[in-house]
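Now for the letters of each chain:
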Amino acid sequence: MATNQSTIKFISDLRRATADPFRAPLLIPAWWRGASTFVTLLFFFLRDFVRSPWVWFNVMGVVLFHLFFFANTPSRDSFFSVTYIATLLLSALTAAGIFSRANHPHTYLILARRISKTTFVAAGMFAAWIVGVLTYVLAALLVVLRYKLLASDAGPDWLTLSTLVLGSITIAVAALFAVALMTLLSNFVASFAVRMITLAVMTISVMAFDPRSFPIENLRPVMASIPPLFAPVIGAIQYAASADPDTVARASLLTVAAFASTIIGIVWWLSARGEVAVE
Amino acid sequence: MITEENTFPQGPLTVRPVAANSQHSSNGAQQPQPASEQYPAPAPSSGDAQTAPVIALQNVSKHYGNLQALRNVTIAVGEGQTYGLLGPTGAGKSTLLKLVMGWLRPDEGSVSVLGSTDPTGILEAHDSIGYISEQPQFHNNFTGWEYLRLQARLSGLTRRNTKAAAERVVEIIGARAWIMRRIGYYTAEMLQRLALGVALVGSGNSYPPLLVLDEPSNRLDRAGQSAMRDILLECKRRGTTILLASHKVTEIERICDKVSIIKAGKIITEADVENNPRIIIIAIPRSDTDAGERLPFLAKQLKSLHPLVRLTGGSNSGPLVLSLPAGDQVANSQGMKARALRALVDSSWDVISVYVERKDLENIYAQTLSPITQAQTGPLSTGPLSMNTGPLAPITESTVTGPVTPRPAIGETLGGRLTGPLGERSAYNGAGHNTVEETPADSGNEPINH
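As you go down the protein sequences, you meet chains A and B in turn.
47 is the number that this note's numbering gives to position 47 of the first sequence; each next residue is one higher, with no gaps.
Basically this note's numbering = 1-based index in the second sequence + 1000.
Bound-form chain B, shown alone:
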């Protein structure tokens, strides 16, 4: 966990200005800054790719001799966004990151990083970038402390500030016990932590505006991965834009806002990663009632619960699918669920299923990379796909019940497991979603009595 209070009593941390030399005037003299400008409040993470992108690749292709490493790749990473590149080994992720760092030059297309497209401009932007290479290797004859100070010094920090910056990073990566040892004696996990420290140390008392990470948790154990994730999420919260390449779905899923799945040098699909689950309620009109006629009123009532409530189906006595926001995006999702259930029951609709739905990147990844899918959809799709754009598809029996795990009847769902333990039951429903059965014990609500 980051303990910034102990390290920086003088002000909150924030992202270093994007233009690394912006603190210098045109004649090279350093401009004095008031404390409020040196330590401004943390920048909120906008995640808005509509503004000028921090990283933009436009129709980029790259060859290594006869091997085509990247084919017509186009991505745009907005300020504050956390963008994942997901793909198997050899897919072209590292090549893409090296293009972003300006070490490789595209054979076709253009690369823009922090507004710079030419190699010199991208090099200037390195002051604003923290980089972790795949399986980072270091100069083993140095101690970790020496190396951090070297990196801070090469980032242009004054001699005095290199020490303070290195000390801060040592706290962040939890390396106080071993940082004075020679790097040659480090374990794989220590090396990975040091790599993160190196990525952060150049920003002095702030966080880098851009992190370019190639498999950052590759050699970490579970605790190390968790710590790495915490640090990256903290960077994200501070407004750092992150480009993260990984073959681990969970790593991307937990950190990123958006992901591109890459295979054989081509972006196969691009999708938003929605980490927040949704509560799905499926109801059918009670026979011999005016449930159908009361639908418009019911819809209005349900939509007033929250702006993110989605409602589909329900016409012609078909099932009504209600999707409620859950997780971090609403304060009291369970209360909202209870009110929705009450409204449905009061309007003569029988609730046949209640479950929590999570977008499952793993299934999409597996589907995208499977040869069968590619044979069905053609070798590569022509445009980005989005997992959560637009309303739900029209309701059919298969989407209600799912081909793999038929939804239990209302008695089973709401009454049969009332006293069961808290738990989730995941199943793939065939639509790229992982569904989690939620028992009423989960919610802590009273069962609905009919």
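With the rest of the complex left out, here is chain A:
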């Protein structure tokens, strides 16, 4: 009898304890706080992006690329070339969307919590990168569905899971580069001067591909001496497109990764130093 009563009391206490939410420790452990905040912010960015009109650019982009460029069964080369460019563009667009939404007074309410601008920017970048990679996954799924699963024949030989996973490395690095670059160009992160300098460097790098087309004739020799900085971004496609990538493709991929890391470092530095001033 006594045992029964103590059991009932125990269960009663347990129910009360679990029913009363504030009996549990109020705060999450300190060691988990940073990671928890980052994950919460990340999901917040993703949810906000998915619910915003910006997401339709990505969906429409994937569909249009698919319809226009994959009308016939794509080769490995054409699939990865098109998907690489599409992911690069859509990742850049996503980052632009996320940081254009961040540059808004509602950001103050998020930053009023114990969240540094650096953490906020890092979570935004990571969210944009995830969207970019998911864009690639969606494109790949569409191709697999159309030319493998729903096709009457066996489909192209190259269209295997291992090829798609291996190709995703290049795509992921390129997406990170695009996201980092667009973050550096956002006025939430960088000042007007920094953005102008970045744009100037980008313009010169692109024009260095063909110095003869440079509008100022006297400067054409100078342009010719400037190495085309973004050449590795194009060269990295070969790492995904080729079944046996050469040294140039590998070096290009590493260079793109180095670009991305450098730009992320600059973004980090600017965010840590800069004030929070939104439009």
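Where hints are given, some of them may not hold.
Residues from chain B that keep clear of chain A, each with C-beta distances beyond 10 Å, as calculated [stated by the list, open to error]: (1) Arg1105; (2) Asn1141; (3) Thr1158; (4) Trp1178; (5) Gln1225; (6) Lys1263; (7) Asp1272; (8) Gln1301.
Selected chain B positions facing chain A (Cβ under 7 Å, derived; list incomplete) [unchecked claim]: (9) His1126; (10) Arg1342; (11) Val1345.
Every beta carbon over 10 Å from chain A, so not counted as near; a handful from chain B, in silico [stated by the list, open to error]: (12) Asn1059; (13) Asn1066; (14) Ser1110; (15) Ser1112; (16) Asp1118; (17) Asn1161; (18) Ala1223; (19) Asp1230; (20) Ser1323; (21) Val1351.
Rather than coming from a laboratory, the hints here were simulated on the basis of the structure.
Computed from a predicted structure; not experimentally measured.
Think of the CB as a built atom: it goes at the ideal place given N, C-alpha and C, for glycine as much as any other residue.
We have chain A; now place chain B onto it with these hints.
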């Protein structure tokens, strides 16, 4: 109205500890707390700025390019104090609050918030701060409920507690009917209420130690403003320190203990806000009596009524001005007034005027910002002014009667309107005070018969 009984049956609410991570040990493990420590009794509002200030700005200047947003600003907000920043749009109030939040960094001077002066320390202090931005805007794709839970989660509450904290705040801001709607469909008033909820939700089952509010009742109607004021006063009662920026004099006047008037980035004046009115009695010695000789005895008798009784003038047959505390600070001000009047009459002093005086921030604000005043006093005053420090100035005819509304004679004041309706008649007396004529019907006392 806050209905904490329904929300928190397990204990009284109080202010969350100032050091947000104080519940963690140095190795990061969470320390179990006894219930008495988790839910201590409400901290009394000390309002004492003499202790280490919760917020301190020392000679802070801030530029935006060529525009000087703040110039040499120095303020100190004590624990439990409610400090108002009053100024027109563009005066620099929001910039000051952003400096306090650590989003902007001063070009000159130092900012200290909850004991932290460096940006990292101020960021850590955000766990102890509730913030409302000017015309708060939200991520419109979320529902209010989602947003409150997000904010609670970002404040470091456990997943389970985010729900309870959000539920509590929904009760406080009266949002049960609409909190599940998307924020994009909210009215301006709902947005303002949600902003208050966001400011409070991070504290879990308590109130934040510090509230930084930028025009918190900007878009609220009269009822909403009243509800907002109730909530803020409740926070104040619980010991929350509040820094409130507003261009509304009444908002500052009703909530704040102290106010700084700011214009063009400069603190023009700093003043205590005394919400309690005082009963002013002016009397003159009856001729052919020994009223003057009995003054010391009378003064002793009057001062024994209450420690806050002030007495000025009365010498050389001049008028005697008696200032009695009223409002919340005394239990029976009318009885005290009756005893004072009786003492005056018994000592052969004729009462010529009785009125209630309130400190009027609006007049001070208007005077401070008027170009004429600034031309007279120089561009900016060099030090803080206080409205209620020191005794009343020596009595002159102008201060007794006021330049705008001459005091009525004793017959008019005490006898002429004995049967009139309850009411107040406000008039500016030219000294930054709003005076309210009080008829005997106000007090419910019998008239004095001479």
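Results of checking the hints against the structure:
no.: 1; hint: Arg1105; in the structure: violated (6 Å)
no.: 2; hint: Asn1141; in the structure: violated (4 Å)
no.: 3; hint: Thr1158; in the structure: violated (5 Å)
no.: 4; hint: Trp1178; in the structure: holds (18 Å)
no.: 5; hint: Gln1225; in the structure: holds (21 Å)
no.: 6; hint: Lys1263; in the structure: holds (22 Å)
no.: 7; hint: Asp1272; in the structure: holds (29 Å)
no.: 8; hint: Gln1301; in the structure: holds (56 Å)
no.: 9; hint: His1126; in the structure: holds (4 Å)
no.: 10; hint: Arg1342; in the structure: violated (56 Å)
no.: 11; hint: Val1345; in the structure: violated (60 Å)
no.: 12; hint: Asn1059; in the structure: holds (19 Å)
no.: 13; hint: Asn1066; in the structure: holds (15 Å)
no.: 14; hint: Ser1110; in the structure: holds (16 Å)
no.: 15; hint: Ser1112; in the structure: holds (18 Å)
no.: 16; hint: Asp1118; in the structure: holds (13 Å)
no.: 17; hint: Asn1161; in the structure: violated (6 Å)
no.: 18; hint: Ala1223; in the structure: holds (24 Å)
no.: 19; hint: Asp1230; in the structure: holds (23 Å)
no.: 20; hint: Ser1323; in the structure: holds (44 Å)
no.: 21; hint: Val1351; in the structure: holds (55 Å)
Consistency note: the structure conflicts with the earlier hints numbered 1, 2, 3, 10, 11, 17.
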